[in-house]
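Taken in order, these protein sequences are the chains called A and B. Residue numbers for the first sequence follow the UniProt record's numbering, so the first one is 1 and each next one is one higher. Residue numbers for the second sequence follow the UniProt record's numbering, so the first one is 1 and each next one is one higher.
Keep in mind the hints are simulated off the structure, nothing from the lab. Hints may contain errors.
[What the hints assert, rightly or not] Covered by chain B, per the in silico footprint, the following chain A stretches (three or more residues, Cβ under 8 Å): (1) 58-70; (2) 397-408; (3) 422-431.
[What the hints assert, rightly or not] Simulated restraints, written as ranges between beta carbons of each label pair: (4) G21(B) - S266(A): 45 to 55 Å; (5) T382(A) - R48(B): 32 to 42 Å; (6) N75(B) - G187(A): 28 to 38 Å; (7) L458(A) - P13(B): 50 to 60 Å; (8) E10(B) - T412(A): 32 to 42 Å; (9) G51(B) - G211(A): 53 to 63 Å; (10) L415(A) - N71(B): 28 to 38 Å; (11) R259(A) - R48(B): 32 to 42 Å.
[Said to hold, decoys possible] Below 20 Å or equal to it, Euclidean Cα-Cα: the simulated EDC-like pairs (lysine to aspartate or glutamate) are: (12) K261(A) - E241(A); (13) K66(A) - D39(B); (14) K66(A) - D2(B); (15) K66(A) - E10(B); (16) K66(A) - E241(A); (17) K261(A) - D383(A); (18) K347(A) - E99(A); (19) K261(A) - D384(A).
Heads up, the beta-carbon is just placed ideally off N, CA and C, and yes, glycines get one too.
Chain by chain, the residues:
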Amino acid sequence: MATSRSEAGPIRYDLAVIGAGPAGLAAADAAAALGLRVALLDAGARLGGQYYRHPAPELGAARPEKLHHGWRTFDRLRERLAAAPLVDHLPEHHVWAAERGEHWTLHATRGPERADRATVTARGLLLATGAYERQLPFPGWTLPGVVTAGGAQAMLKSGLVLPGRRIVVAGSGPLLLAVASSLAAAGARVPAIVEATGYLGYGRGLPVLAGNPAKLAEGAEHAARLLRHGVRLRRRAAVVEAHGTDRITAVTVARLDARWKPVPGSGRRIACDALAIGHGLVPQIDLAVELGAATVTTADGTAALRVDAQQRTSVPGLWAAGETCGVGGADLALAEGVLAAHSVAGKPAPARELTVRRRRRGFAALMAAAHAPGPDWTGWVTDDTDVCRCEEVPARAVREAVTELGAADARTVKLLTRAGMGWCQGRMCGPAVACLSGGPLGGPDSRPLSCPVPLAQLAEPDEPFVQ
Amino acid sequence: MDPLDLVGAEPGPARTILFDGRPVPALPGQTLAAALWADGVLAWRTTRTGGRPRGAFCGIGQCFDCLATVNGRPNQRLCLLPAEHGDAVTTQEGHGHGDLAV
């Protein structure tokens with residue numbers, strides 16, 4: 001594999017894979033084995049995406065697997081890709097638009113400072129861009145020391161750092177167990193995991209669970225580690241307020257009813273110096289939505305790409321694999337990456353991956369239904385809670401836009417209040433604004449450019465980049 | 001136990017960055033945000049409207065809460081930038097272009 005910063009120009013690839021996490025790695029590996037010339041683009045500096053995020057080599061980590069599940073799979077893929085002459089890894093390429101013509105033209109900014117641009121052309125395009133975390137606002141969530149659960153995990157996996165010494169983990173979804181388990185193993189005290197659902201939803205899917213012994217084993221592994229570190233799981237509860245002036249010093253945890261409404265008088269204060277919070281994952285599908293790809297709404301209210309049995313989206317020449325098709329974890333992503341590669345190459349689908357996909361998609365549906373936010377979570381959002389972090393728009397403004405000004409959807413609320421118009425383009429507040437506007441938790445967001453792009457790069461002519 | 005012990009990390013000698021003029025150690029391979037967290041610093045920006053402190057939130061370059069001025073350039077995401085020896089991080093006030101005010 002060539003890791004190239006400058007040779008992205010003249011080559012026409014058979015397949016461009018956007019995203020070098022489990023789905024993209026497996027797809028690039030399988031596609032190369034089938035004889036395809038592959039460009040593997042990723043915004044990050046190293047292979048792995050968020051799931052296999054790991055320290056830079058300079059940190060000299062002898063045992064990176066201590067912070068990972070399934071590290072050997074990654075190690076094998078990495079080795080095979082390093083030896084694959086047909087795959088070019090293009091790191092620090094953040095693709096901001098894909099154009100369809102005779103072939104695909106991808107436009108990317110390069111490097112963390114977005115200093116320059118690159119253009120890549122390919123016959124087929126696979127979107128393996130993964131997911132980002134869903135956030136639901138609460139009073140105090142903008143205080144320093146309140147971080148996303150995935151963010152705490154990412155900073156630990158790559159930078160070997162913790163946001164504090166006593167970290168409450170809260171929100172909803174299986175990621176919380178993995179995060180709490182890593183934080184505790186790395187020396188943090190985790191006074192509680194606060195999970196909004198009862199985990200009882202899983203019981204309704206016993207046949208699905210029986211077909212996914214690996215997922216049960218993974219859950220048991222986390223549970224054992226948490227038990228060893230004395231971490232308590234509080235179910236049917238939520239952090240309804242973070243306290244502190246310049247940084248977090250405590251949280252209030254309240255019991256929730258079945259609709260996620262905080263039970264009055266049930267609040268209890270827990271001292272902490274950090275909070276890691278998240279409410280499940282949202283498929284990152286901006287590029288495909290801009291191309292008009294059809295979406296489906298998953299059981300937990302997120303929009304995912306609709307794909308057929310061959311991982312093809314509704315847009316000709318555009319495949320999708322992994323979390324972009326609905327959040328379901330790394331094993332599913334690996335299988336779907338392989339299936340997509342076979343489809344691109346015009347080869348029949350391998351049986352093993354078909355089985356994994358069927359079982360894991362079943363598990364994913366169960367998981368999504370079990371952790372779907374209840375409709376009354378907005379009960380903990382006080383009027384002066386900032387909903388949009390970037391533009392500092394309080395819930396009051398959003399509510400007034402709906403009740404006083406007659407806004408009937410999130411888009412109108414955004415235009416009236418600026419909620420979702422800031423740097424992150426609504427990635428942090430989108431689901432919350434949609435809900436407070438009286439709509440469902442989230443349809444597909446429209447973002448013509450999938451990340452901020454310097455104007456000078458937009459103005460440049462479309463010639464392939466040559467250094 | 002700390003994260004470095006957990007993974008058996010043996011990094012090279014620490015570099016020094018400056019945070020508002022104060023020297024802060026940074027291990028090779030860490031981002032500026034990671035180096036500041038390791039030093040107990042969680043905020044390096046104040047918001048435009050409320051003047052409230054902010055730091056890293058999503059940790060992966062999506063939320064843009066971790067903006068600060070680095071070597072004189074405002075609005076840099078510290079969770080993405082590798083810490084280089086001598087980097088000067090300055091707490092960013094508002095949009096970071098106060099020098100352009102008329």
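Evaluation of the provided hints:
Counting residues of the region 58-70 of chain A whose CB falls under 8 Å from any CB of chain B gives 9; the rule of at least 3 is met. A count of 0 residues in the region 397-408 of chain A with a Cβ less than 8 Å from any Cβ of chain B is obtained; the coverage claim is therefore unmet, three being the minimum. With 5 residues carrying a beta carbon less than 8 Å from a beta carbon of chain B, the region 422-431 of chain A meets the three-residue requirement, and the given coverage holds. Distance hint check for G21(B) and S266(A): the Cβ-Cβ separation is about 47 Å, which falls inside the suggested range of 45 to 55 Å.
Taken as a hint, the range 32 to 42 Å is violated for the pair T382(A) and R48(B), whose Cβ atoms sit roughly 22 Å apart. At roughly 33 Å, the beta carbons of N75(B) and G187(A) sit within the given window of 28 to 38 Å. At about 42 Å, the CB distance of L458(A) to P13(B) disagrees with the hint of 50 to 60 Å. In this structure the supplied range 32 to 42 Å is violated for E10(B) paired with T412(A), their Cβ-Cβ distance being about 56 Å.
Between G51(B) and G211(A) the C-beta distance comes to about 54 Å, which sits within the given range of 53 to 63 Å. Restraint check, L415(A) to N71(B): a C-beta distance of roughly 37 Å satisfies the suggested window 28 to 38 Å. Range check, R259(A) to R48(B): Cβ separation about 36 Å, and the 32 to 42 Å hint holds. With a CA separation close to 14 Å, the supplied pair K261(A) and E241(A) stays within the 20 Å bound.
For a cut-off of 20 Å, the pair hint linking K66(A) to D39(B) is broken: about 23 Å separates their Cα positions. About 12 Å separates the Cα atoms of K66(A) and D2(B), which keeps this hinted pair within 20 Å; it holds. The suggested pairing of K66(A) with E10(B) holds, with an alpha-carbon distance near 15 Å, which does not exceed 20 Å. Straight-line distance between C-alpha atoms of K66(A) and E241(A) comes to about 33 Å, which puts the hinted pair past the 20 Å bound.
With a C-alpha separation of about 16 Å, the suggested pair K261(A) and D383(A) falls inside the 20 Å cut-off, and the hint holds. With a C-alpha separation of about 26 Å, the suggested pair K347(A) and E99(A) falls outside the 20 Å cut-off, and the hint is violated. Under the criterion of a C-alpha separation no larger than 20 Å, the hint pairing K261(A) with D384(A) is consistent with the structure, at around 18 Å.
Hint violations for this structure: numbers 2, 5, 7, 8, 13, 16 and 18, all remaining hints satisfied.
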